[in-house]
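For the record, the sequence lines run as chains Y and F. Residues 133 to 275 in the working numbering are what the first sequence lists, from first letter to last. Residues 26 to 466 in the working numbering are what the second sequence lists, from first letter to last.
Derived from the structure by calculation, the hints contain no laboratory data. Please note that the accuracy of each hint is not assured.
Claimed, not checked - Computed footprint of chain Y on chain F, listed as stretches where at least three residues anywhere in the stretch have a Cβ under 8 Å from a Cβ of chain Y: (1) 228–242; (2) 383–397; (3) 442–456.
Stated by the list, open to error - Over 12 Å on every C-beta distance to chain F, these chain Y residues come out as not near it, computed from the model: (4) GLU138; (5) LEU142; (6) ILE143; (7) LEU155; (8) ALA165; (9) ALA198; (10) ASP200; (11) ARG202; (12) TRP215; (13) LEU223; (14) LEU234; (15) LEU254; (16) GLU271.
A quick note: this is a predicted structure, and the numbers were derived from the prediction, not measured. Every residue gets a Cβ at the ideal spot worked out from N, C-alpha and C, and that includes glycine.
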Amino acid sequence: MTIVVEGDGLIDAIVRLRDQPDLSFGFLASLTATDQLSADPRFWVVYELRSVEHAHRLRVKVGLRADDPRIPSVTSIHPTANWHERETFDLYGIVFDGHPDLERILMPGDWEGHPLRKDEELGGVDTRYHGAFIPPVDERTNP
Amino acid sequence: MTAGGIGQEMRPGRDRFGDLTPEAVEALRDHVTGEVRQETMIINMGPQHPSTHGVLRLLLELDGETVVHCKPIIGYLHTGIEKNTEYRTWVQGVAYVTRADYLSPFFNELAYCLSVERLLGVEAPPRAQVLRVLLCELNRISSHLVWLATGGLELGAVSVALYGFRERELVLDIFEAVTGLRMNHSFIRPGGVVMDLPPEGPRMIAKLLDELPARIDDYERLLNENPIWLERNVGIGMLSAEEALAWGVTGPLLRAAGVTVDLRKDEPYCGYETYEFDVPVRTEGDCYARYRIRLDEMRESLRIVEQALARLDEPGPVMIEDPKVGWPARLSVGPDGIGNDERYLRHIMEESMESLIHHFKMVTQGVRVPEGEVYTPVESPRGELGYYVVSNNDYRPYRVHIRDPSFVNLQALPTMVEGGLVADAIAAIASVDPVMGGVDR
Numbered sequence: 133m134t135i136v137v138e139g140d141g142l143i144d145a146i147v148r149l150r151d152q153p154d155l156s157f158g159f160l161a162s163l164t165a166t167d168q169l170s171a172d173p174r175f176w177v178v179y180e181l182r183s184v185e186h187a188h189r190l191r192v193k194v195g196l197r198a199d200d201p202r203i204p205s206v207t208s209i210h211p212t213a214n215w216h217e218r219e220t221f222d223l224y225g226i227v228f229d230g231h232p233d234l235e236r237i238l239m240p241g242d243w244e245g246h247p248l249r250k251d252e253e254l255g256g257v258d259t260r261y262h263g264a265f266i267p268p269v270d271e272r273t274n275p
Numbered sequence: 026m027t028a029g030g031i032g033q034e035m036r037p038g039r040d041r042f043g044d045l046t047p048e049a050v051e052a053l054r055d056h057v058t059g060e061v062r063q064e065t066m067i068i069n070m071g072p073q074h075p076s077t078h079g080v081l082r083l084l085l086e087l088d089g090e091t092v093v094h095c096k097p098i099i100g101y102l103h104t105g106i107e108k109n110t111e112y113r114t115w116v117q118g119v120a121y122v123t124r125a126d127y128l129s130p131f132f133n134e135l136a137y138c139l140s141v142e143r144l145l146g147v148e149a150p151p152r153a154q155v156l157r158v159l160l161c162e163l164n165r166i167s168s169h170l171v172w173l174a175t176g177g178l179e180l181g182a183v184s185v186a187l188y189g190f191r192e193r194e195l196v197l198d199i200f201e202a203v204t205g206l207r208m209n210h211s212f213i214r215p216g217g218v219v220m221d222l223p224p225e226g227p228r229m230i231a232k233l234l235d236e237l238p239a240r241i242d243d244y245e246r247l248l249n250e251n252p253i254w255l256e257r258n259v260g261i262g263m264l265s266a267e268e269a270l271a272w273g274v275t276g277p278l279l280r281a282a283g284v285t286v287d288l289r290k291d292e293p294y295c296g297y298e299t300y301e302f303d304v305p306v307r308t309e310g311d312c313y314a315r316y317r318i319r320l321d322e323m324r325e326s327l328r329i330v331e332q333a334l335a336r337l338d339e340p341g342p343v344m345i346e347d348p349k350v351g352w353p354a355r356l357s358v359g360p361d362g363i364g365n366d367e368r369y370l371r372h373i374m375e376e377s378m379e380s381l382i383h384h385f386k387m388v389t390q391g392v393r394v395p396e397g398e399v400y401t402p403v404e405s406p407r408g409e410l411g412y413y414v415v416s417n418n419d420y421r422p423y424r425v426h427i428r429d430p431s432f433v434n435l436q437a438l439p440t441m442v443e444g445g446l447v448a449d450a451i452a453a454i455a456s457v458d459p460v461m462g463g464v465d466r
């Protein structure tokens, strides 16, 4: 099941989903995003919640505008969101306000761009990283 | 030799053990705040350190031998698996995800394929489900054996390292006979598995079922009461149930902290509800509890393998029969891995033009998966392995996100090692059992 909430109401929703006894979604299983390039909202941040007590799950989604994707961090409620949010920031450029340590996690610290965005090519592009160039997939050869 | 034998040349302000004298401590006291200035050292452990299971880097702040602060730094093995799947057909995605957590390839394949099947609204035939369970449980054993071997090596139990890898070979031999490959099998596909067991398969598995229990007994005899093993593991790397849940920790780490959580029981898939097995749980929350749990899990996996093997007496298809979904080719294991069966090749090349067209279309273009999004978790050897898969009604995935348990469990490492000794950090990392291929993806 999926519920869609506004960015402003996210913290409130996550806390209520956790504290209501018959829901008790106290476990944040996963957090990621998708990029619907030409649509509005462009980005969807996706929270996979799980209740260990009741063995049920819920998906919470928040849509974000293309020009300044920002969303409150849930690290104060679920510490596990820390690395998930860093990953989503790294790969999609979504800023999590209130995150204690929002820096890149998978890509090098001085990488430019956010590779999982749909307008980033898989290969055949100048990576803008120390002058490196990654050839297109079909032109890669083993030395 | 002088008395004590340590620090014959005393440094100013130090006693003969090298510690600061009380007078020296007073001299370091700040006159305004009254605090004693501490000297700490920051060291980098990894990314090429042999005890970090691949390319994990830890930034450790040490006060003497005590870890004050620990920051794991990851990303050295990032290969863009999630991005790559967006550029391939649904079936080709299997070959990518199987390379994420390379010690548990079948679990990656399974979670991905279950997601695709849920989007398609189909289910693999019963025999394929049994084969999936069988291979996953064998894979759980081989993965735990690598954990035992590497973890043992790091704590000086070198014989266990040799035994672990020796027994893992037995399991990998089965994988090789069944799938043609020892790792990265791409054997589970949307709609089933690529082929049935080879004729010698059941005999090989039965032989393993015969041999392995005695070997696990050996490990327990070697380690359970071993004073050095106890010294290095009991009370080390503590993680309470509350901390584990807050950090999203799952798998043996969570069960070692007293929380009975196993997706095979809580949210069964592939018919796990029809198998008889127990979920080992302990309450200590230390490295030793994790060790005992993993050994017990190997025994439980053997129980499941035995039951699955008995169900294989009934023949049946292993791939969904709907030609619009199932993989068209009949495959067999050749000298260099899986290949097209010779009779099948003759069929499409010489006998049936329609079959050739169908084969070509299914292989190059594949299946169109209806629009939707699913999150499918399975219980991997390291915990909850979840795939969030989005389709835009296309022949390729729109988004594949891997919730890898190693990635999440590693976040709890600072909680486990801060305040302890550096040497204990090694034991704690080993007990987390992170696989960097899964962490960095």
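Against the structure, the hints come out as follows:
By the rule of at least three residues with a Cβ nearer than 8 Å to a Cβ of chain Y, the coverage given for the region 228–242 of chain F is violated, with 0 such residues. Counting residues of the region 383–397 of chain F whose C-beta lies closer than 8 Å to any C-beta of chain Y gives 0; at least three are required, and the coverage claim is violated. Taking a C-beta to C-beta cut-off of 8 Å, the region 442–456 of chain F contributes 0 residues in contact with chain Y, too few for the three needed, and the coverage statement is violated. Every C-beta of chain F lies more than 12 Å from that of GLU138 (chain Y), the closest at about 20 Å, which supports listing it as non-interface.
Once the 12 Å rule is applied to beta carbons, LEU142 (chain Y) is consistent with being away from chain F; the minimum gap is 18 Å. The non-interface label for ILE143 (chain Y) is consistent with chain F: the shortest C-beta to C-beta separation is roughly 17 Å, beyond 12 Å. Look at LEU155 (chain Y): its CB is around 16 Å from the nearest CB on chain F, clear of 12 Å, so calling it non-interface holds up. Its beta-carbon lying about 8 Å from the closest one in chain F, ALA165 (chain Y) breaks the requirement of being farther than 12 Å from that chain.
At the 12 Å boundary, the C-beta of ALA198 (chain Y) stays outside the reach of chain F, the nearest C-beta of that chain being 17 Å off. Here ASP200 (chain Y) stays apart from chain F, with its beta-carbon at least about 22 Å from theirs, past the 12 Å limit. The beta carbon of ARG202 (chain Y) sits about 21 Å from the closest Cβ of chain F, which is more than 12 Å, so the claim that it is off the interface holds. The claim that TRP215 (chain Y) is not at the interface with chain F is violated, since a C-beta of that chain comes within 12 Å of its own (minimum 5 Å).
The beta carbon of LEU223 (chain Y) is not kept farther than 12 Å from every beta carbon of chain F, the shortest such distance being approximately 8 Å. Look at LEU234 (chain Y): its CB is around 15 Å from the nearest CB on chain F, clear of 12 Å, so calling it non-interface holds up. Some Cβ of chain F comes within 12 Å of the Cβ of LEU254 (chain Y); the nearest lies about 5 Å off, and the non-interface call is violated. With 12 Å as the threshold on Cβ separation, the claim that GLU271 (chain Y) sits away from chain F holds: the shortest Cβ distance comes to roughly 14 Å.
The structure is inconsistent with the numbered hints 1, 2, 3, 8, 12, 13 and 15, although it conforms to all the rest.
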